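One line per chain: the protein sequences are A and B, in this order. Heads up: the first sequence at position 14 corresponds to 14 in UniProt numbering, and the numbers run straight through without jumps. Heads up: the second sequence at position 375 corresponds to 375 in UniProt numbering, and the numbers run straight through without jumps.
Worth flagging that the hints you see were computed from the coordinates, not collected in a lab. Owing to the predicted nature of the structure, the values given are computational and were not obtained by experimental measurement. Ideal placement from N, C-alpha and C gives every residue a C-beta, glycine not left out. There may be inaccurate statements among the hints.
To be verified - When the alpha-carbon atoms are kept at most 25 Å apart in a straight line, the in silico DSS-like pairs for lysine-lysine are as follows:
hint, chain 1, residue 1, chain 2, residue 2
1, A, Lys42, A, Lys14
2, A, Lys173, A, Lys163
3, A, Lys163, B, Lys366
4, B, Lys152, A, Lys163
5, A, Lys183, A, Lys195
6, B, Lys268, A, Lys163
7, A, Lys162, B, Lys265
8, B, Lys355, A, Lys67
9, A, Lys42, B, Lys98
What the hints assert, rightly or not - If you want the footprint, here are the derived chain B segments under chain A, 3+ residues with CB under 8 Å:
hint, stretch
10, 24-37
11, 473-484
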Amino acid sequence: MTDINDPYHAGSKKWQESFGTEKLAQRQVELIYHNKVTEEEKTFIESRDMFFLSTTNNEGWPTCSYKGGPVGFVRVIDEHTIAFPDYDGNGMFLSIGNMSLSHKVGMLFIDFENPQRLRLHGIAHVYEEDELLSEFAGAQLIIRVTIDQMFINCPRYIHHYKKIEESMFTPEKGISAPIPDWKNLEAIQDVLPEKNKRK
Amino acid sequence: MIITFGLVAVFFAVIIFILHKVKQTNDSFTEYAVAGRSFGAKYQAMSFLNTWYPGAMFTAFAGLAAASGVISFYVLTYSLLTVVLMYVMAKPVWVWGKAFDLKTQPDLLALRYNSRHIRTVTAVIGILSGIPWLILGMQALGVMFVHLSFGKLSFSMAVLLGVFVIVIRQFWTVRLGMRGVIISDMFQGIVAYIGGSLILIGLIMWMMTTQDITLNTMDSGMFTIPSIGSEQGPLWLFSLVLTGAIGGWCWPYIFVRLFTADGVKTLKKSAAIAMPLSLIFCVSLLLFGMYASGLSSVEGHAEDVWFIVTNQAGGPLLLGLAGVIVLAATMGHTDGNIQAYGAQIANDLIGNYLKLDPKQLIIIAKVGMVIITIISAWLATMTLPALFALAVMAYQGIIQIAVPQFMGLFWKKGNKQGAIVGMTVGFITAVFLEFNFPESLPWAYGLTSGTLALVVNMSIYVLFAYLLPNDAKENQRLDTLFNLVHAKPNKG
Numbered sequence: 001m002t003d004i005n006d007p008y009h010a011g012s013k014k015w016q017e018s019f020g021t022e023k024l025a026q027r028q029v030e031l032i033y034h035n036k037v038t039e040e041e042k043t044f045i046e047s048r049d050m051f052f053l054s055t056t057n058n059e060g061w062p063t064c065s066y067k068g069g070p071v072g073f074v075r076v077i078d079e080h081t082i083a084f085p086d087y088d089g090n091g092m093f094l095s096i097g098n099m100s101l102s103h104k105v106g107m108l109f110i111d112f113e114n115p116q117r118l119r120l121h122g123i124a125h126v127y128e129e130d131e132l133l134s135e136f137a138g139a140q141l142i143i144r145v146t147i148d149q150m151f152i153n154c155p156r157y158i159h160h161y162k163k164i165e166e167s168m169f170t171p172e173k174g175i176s177a178p179i180p181d182w183k184n185l186e187a188i189q190d191v192l193p194e195k196n197k198r199k
Numbered sequence: 001m002i003i004t005f006g007l008v009a010v011f012f013a014v015i016i017f018i019l020h021k022v023k024q025t026n027d028s029f030t031e032y033a034v035a036g037r038s039f040g041a042k043y044q045a046m047s048f049l050n051t052w053y054p055g056a057m058f059t060a061f062a063g064l065a066a067a068s069g070v071i072s073f074y075v076l077t078y079s080l081l082t083v084v085l086m087y088v089m090a091k092p093v094w095v096w097g098k099a100f101d102l103k104t105q106p107d108l109l110a111l112r113y114n115s116r117h118i119r120t121v122t123a124v125i126g127i128l129s130g131i132p133w134l135i136l137g138m139q140a141l142g143v144m145f146v147h148l149s150f151g152k153l154s155f156s157m158a159v160l161l162g163v164f165v166i167v168i169r170q171f172w173t174v175r176l177g178m179r180g181v182i183i184s185d186m187f188q189g190i191v192a193y194i195g196g197s198l199i200l201i202g203l204i205m206w207m208m209t210t211q212d213i214t215l216n217t218m219d220s221g222m223f224t225i226p227s228i229g230s231e232q233g234p235l236w237l238f239s240l241v242l243t244g245a246i247g248g249w250c251w252p253y254i255f256v257r258l259f260t261a262d263g264v265k266t267l268k269k270s271a272a273i274a275m276p277l278s279l280i281f282c283v284s285l286l287l288f289g290m291y292a293s294g295l296s297s298v299e300g301h302a303e304d305v306w307f308i309v310t311n312q313a314g315g316p317l318l319l320g321l322a323g324v325i326v327l328a329a330t331m332g333h334t335d336g337n338i339q340a341y342g343a344q345i346a347n348d349l350i351g352n353y354l355k356l357d358p359k360q361l362i363i364i365a366k367v368g369m370v371i372i373t374i375i376s377a378w379l380a381t382m383t384l385p386a387l388f389a390l391a392v393m394a395y396q397g398i399i400q401i402a403v404p405q406f407m408g409l410f411w412k413k414g415n416k417q418g419a420i421v422g423m424t425v426g427f428i429t430a431v432f433l434e435f436n437f438p439e440s441l442p443w444a445y446g447l448t449s450g451t452l453a454l455v456v457n458m459s460i461y462v463l464f465a466y467l468l469p470n471d472a473k474e475n476q477r478l479d480t481l482f483n484l485v486h487a488k489p490n491k492g
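Let the hints inform the model, and build the full structure from the sequences given.
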């Protein structure tokens, strides 16, 4: 786990020094770095319908993916843990695979309508059997993340976007999700898992 | 007749021109159902008024004022209280609507109670209860056309003409969805309530100055209200105001106004704009009715008071304008009604069980609107002796939605079992009592069937909340939901 009072490594410190921001960076550690979810952060996280997830593979190559779902699909379990479901995807299991190996994740939660964002670093574990599976419609796996550090981020460069409509593919209890168009392509019909095949 | 029908035709042409200019911003169902939550306070206020006050205000309520006097002011009391409730409900409803992309009133109840079934129950109650009022609205236009034709059109022909006008108008409602409704509401609202208020004030002045009618010349019976010892019972007036005020927000076409605004502040501001407009319009209308009771021509024809007095005071020109005002008010109400039912059929009935893309939802909503329009239009041309009784029964029934709706917004303990059972038993109780004891219950001190059913409904709701308390997970979900309402955006 990272030392919450000294989260910067040599690389960051070098650039802080070059730009004269060491004190500013340290002040931010004192003011905004923490590893326990506050009530306000809980509300913010649980009111998101998307976040960006970064993971690294066994060679250290990072990847970043977009995760979307119904509002509240990321749940704060306790002040040190959050959880979110894994839904049916493209079948590559890049993020899930990375989390199974290296476990380290970065998560970025953004509100584009009332610009604000929250960054969270943590240790993720993927569960095939989890009591939360029954609580998230459409979930095939559950990922639990133990928080290492988190902090709010300056929202100044967040463009002001407006949500037009929830994706029609968002899983919903009691309603079977439609199959995306690309899974109807002839080229992949012979390799699709049974549940995704055209009926 | 050329003048009266000509004025109506010009007004209708202006509405069509305005609608022709309306452009939708995208092809999402949110745009179609709630206009993308994009309207400011002025549009919101006018849209609320145009949906709230139907054309029947100029016939039924002006008539009530002319026939019974100050008792009619209960409509003013509950109309103003309804605006106050808009202010109170604005925050939770809008915040949840925005966060969870809610489009209808049943959507909100489904979210609050974590139940799909409540969505169906609420939508069915809403649609069934609204149809009699839709038919009455269409028939009211028939009455209007009889007057505009100076009696030359038979009532059945006039109703057909009214239905024809409404059906033609629905072409744009179906095509444009909520955005078309709200933009036309602005013009219709200005004509009906600002124009209407000016004419009403002018007519009051006319009656005071040229007809020598004053409050002193009126029958003393015009100033009495039912109280202890009265035939209706001491709680009758209270019941009327209570059911009117809380019932207002039970109608799907009124409730959806809370989703079309671009923010909570807008909603609150729109309440502040609607309040004085509502006060001036309603006071003018009811005083007009009371003053008109002094005219011999109105005697025995109270419901026609608006047309009789405008014709008497200003001839065909003023009568034509009176017709335009009634048409403007009726269209606003009917369009909002039909649009809301279309959205409910797509979103809450079919969309509640099938995952549909926005295009499919919009098509189903459009088909639903066409079907509702055709059924109502067909029924409007028929003589239905029990229609008004059915409409009153529907009102007493629909207000049962108030318990899960208001309690759900402000009280975390309420659960889906209490909401569904309470609302259903309340609805059945109201219909049963209304059927057996129409108007008021002699043994209940004047409480109406709906009010008594509300007591039953509320008791069940509260009882279930304590007998079947929400589990820890549901409490956690509700905490998050309620915290969301009070979350302050971090502006960095």
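Quiz item: Regarding the pair A/Lys42 and A/Lys14, is the alpha-carbon distance no greater than 25 Å?
Solution: violated (34 Å)
Quiz item: Okay, the stretch 24-37 of chain B and chain A, do three or more residues pass the C-beta test at under 8 Å?
Solution: holds (count 6)
Self-check item: Pairwise hint evaluation, B/Lys98 against A/Lys42, where the allowed Cα distance is 25 Å at most
Solution: Status holds; Cα separation ~18 Å.
Quiz item: Taking only the CA atoms, is the gap from A/Lys183 to A/Lys195 under or equal to 25 Å?
Solution: holds (11 Å)
Practice problem: Check, residue by residue, whether the stretch 473-484 of chain B contains three or more positions whose beta-carbon lies closer than 8 Å to a beta-carbon of chain A, and give the verdict. | Solution: Check passed, 5 qualifying residues.
Quiz item: Is B/Lys268 within 25 Å of A/Lys163, Cα to Cα?
Solution: With Cα atoms ~22 Å apart, B/Lys268 and A/Lys163 stay inside 25 Å; holds.
Self-check item: Restraint check for B/Lys152 with A/Lys163, where alpha carbons must lie at most 25 Å apart
Solution: Outside the cut-off at roughly 55 Å; violated.
Quiz prompt | Pair hint outcome, A/Lys162 versus B/Lys265 [Cα-Cα no greater than 25 Å] | solution = holds (17 Å)
Self-check item: Pair hint B/Lys355 and A/Lys67, alpha-carbon separation not exceeding 25 Å
Solution: The given pair, whose Cα atoms are some 20 Å apart, holds under the 25 Å limit.
Quiz item: Is the straight-line distance between the alpha-carbon of A/Lys173 and that of A/Lys163 25 Å or less?
Solution: Holds, at roughly 22 Å.
Exercise. Would you check the hint for A/Lys163 and B/Lys366, treating anything up to 25 Å between C-alpha atoms as holding?
Key: holds (24 Å)
Of the numbered hints given earlier, the model fails hints 1, 4; all others are met.
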